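Peer 1: Residue numbers (the numbering used here), protein chains in the order written: chain A, 127 to 635; chain B, 7 to 217.
Each hint should be verified, as a subset may be incorrect.
Just a sample of chain B residues kept apart from chain A, beta carbon distances all over 12 Å, derived [stated by the list, open to error]:
no., residue
1, Gly39
2, Phe83
3, Arg90
4, Asp92
5, Ala93
6, Ala177
7, Gly181
8, Thr182
Pulled a few chain A residues facing chain B out of the computed Cβ check, cut under 8 Å [what the hints assert, rightly or not]:
no., residue
9, Trp133
10, Arg138
11, Glu142
12, Ala144
13, Arg153
14, Ile263
15, Pro264
16, Gly304
17, Gln504
It should be emphasised that the hints constitute simulated quantities derived from the structure, not laboratory data. As the structure is a computational prediction, the values presented were derived from the model and not from experiment. Every residue gets a Cβ at the ideal spot worked out from N, C-alpha and C, and that includes glycine.
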Amino acid sequence: MIDELDWVMSVRPRVEPATREAQRAARQALDRAIANDIARSERGSGWRLGRRPGGGWPRARRWVGAAARATPAFLAVLIVVAVAVVALTLGSRHESASSTPTTDAVSASPSTAAKLPLGTPAGPETADPNRFQGAAIPSTVKLVAEAPDPHGGLPWGLREFQTTRGQTCLQVGRVQDGTIGVIGRDGAWGNDERFHPISPNAYTGDSCSPTDAHGAAFNNVAVQGGIASADVPWGTGAQGGECRIGPQPHQFPACPPADLRDLDYGLLGPEAVSITYAGANGRLFTEPTNGPNGAYLIVRSGTTRSCSQQSGGGQSCVSGGGRTSGPSLQSGVIIAVTYRNRYVCSLPAPTLAGVAQASCPPRHPSMPTDPQTRVRVQVAPANRYCTSRLGQTLEPCPNRSRGLVRLGGPSSQWLVIFSFSAPRSTVTAGRTYYYFTTDAPGGCPNANHFWEYNEAVRKDQQVVQWSAFDKHCPGAGLGTISLITSRTGRHWPGQGAGRPIASFSFTIP
Amino acid sequence: MPGTIPVARDNSSPVGLQPSVFGVTSDAAVIAGSVSRPEAFAAIFDRHFAALHGYLAARVGAARADDLASSTFTIAFERRHSFRSDADSARPWLFGIATNLLRNERRSEQRAVHLFSRMVEPVHWARASSDGGDHERLAALLAKLDPDQRDVLLLYAWAELSYEEIASSLAIPLGTVRSRLARAREHLRSGLGSADASAPALDAETQEMSE
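Please take these sequences and the hints and turn them into a complete structure.
Peer 2: Spelled out as structure tokens, the structure:
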């Protein structure tokens, strides 16, 4: 009882799978087609990734558009001029690179690195436009900085883009054909030695920061002990097997030291024009920032120990790599930021322990700021105040404080009480919340406080918060109130830059 | 001022990402993304090369299949702008491109069909017929089929595409798919001399379309 289709199915020849050589040849043919397409696209649009309206790139695009309409003779002249400019630019860059000891042995410039075959894209193709950081807006994706790798090969690049939720995000990776990606090595992607382009939606939470009312964003990321393949465990869709630095809690193989890199990158804002950083032998180098948001990228041979200043005071060191981020630039590799009006924010050179000792604020004084919220501040002996059992309310203590908790204790403290009218509502579950810092005069123990108010707040609701300081720390202190509009994936206090809505000062008697 | 907290590396996915999305992105989404980021198209190759190559090898032999499969993906990449966004899978589209390429390979295909008819092990034919000579006759019948009917028949039987997918793949109406398939089956049935009670009747839908 056989149907004709069964017969046809049964005579389907048993064929061997395509040989590896055949598959590789077919893939290479496709890769060539893709590369040609990218090259055509770049020739046609001037800068494939730089399409953000209002930024620095449209001017270049108009140039290319005008050139496309120009006569052949004009085009010829234009090409000659362009080649000369590129040659001069590359010459100066090479000169700069060759005198840059921080990149150790720069064995290959970006233009001479061998091209790798393309691999499967890394990271999720899509993201929910209404959750977390939102989805990348393709037209805003642009490569804003490049740096050579200290051991050669493909250069590194920094990509900047906007998301549907008002975030400005950064991605770092190796660069090929104007796109950043991960190299299949160090155990990643089965060591396939392919270039895996990173999806813009494969970003980590702390690589994003809110875009402020003036279109600026501030974020400074320092990665110590990153992997040379540019494989970032968070978000690139790495398939496992990649090496790790230091102790291996998840049974990952340890990276050889030569495969580690320290990365410093970020956005210093539109007013920042250059950075000065210290090379390995202490020599200083000054480089201009890139793009409309003052982007920078420094890549050095990797270290295995990371320390940073805790906002709550003291330092935290992580052996086995680390990552810091925030809107302020912490002292470390960069020792100065120069702004457009010649204002210079100086930072101390890093100590041997790599401890961050100071920071440049995200804005310098000439930059416009968002409207500030008025804050009422009061300083009083702490033992005159009580809170409810859960610490939700603060009120002057009656003589018999039944059901209340008296603050202060035997060694009485000063209480800094501040209140403000909420400029916008926030919701619980950490999507939006207010975030506070109070920094007492220097030299005090327990002098830096930070916390978040993870409660639903109505617009115009009066919010009262307080912070206790030791009585032996007289002097002026500073406080800030920020509005965090999206929480990052991990509940690190303050992770993810907030928009400052108020600052205030107080005096400890 | 938010703090700067060192974060130890680990393999956890941040809440802000959706790991489940990775790996299940539809072909349509990948191809749409490849319009602005051409390199993304490599994922289509990774997903469909083996199946497409197997189909082509069955029709024209491994040597020609290598070239044809390669050409199929190159052509698909160049025509990715025209991929229908409402189609979820790229499989019918790719097999359609491959079928067009096969039209230049008729002689190769006929040679391959005859060659395979002699190479197939008897055990594979036992299911089709107790008569070992039948498969040579079937191979000959396949080779003599009208090319359009053969394309539809083999896309259905060997590539395991549905009627709708074949229609999409060859850019022909669904009714044409059914009628071509019905005629191909009729041709085979009469050729094999099995148009008797032992062969199941055409399904009502196909029979209707074939009339």
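Peer 1: Of the hints given before, which are not true for this structure?
Peer 2: 1, 2, 14, 16, 17
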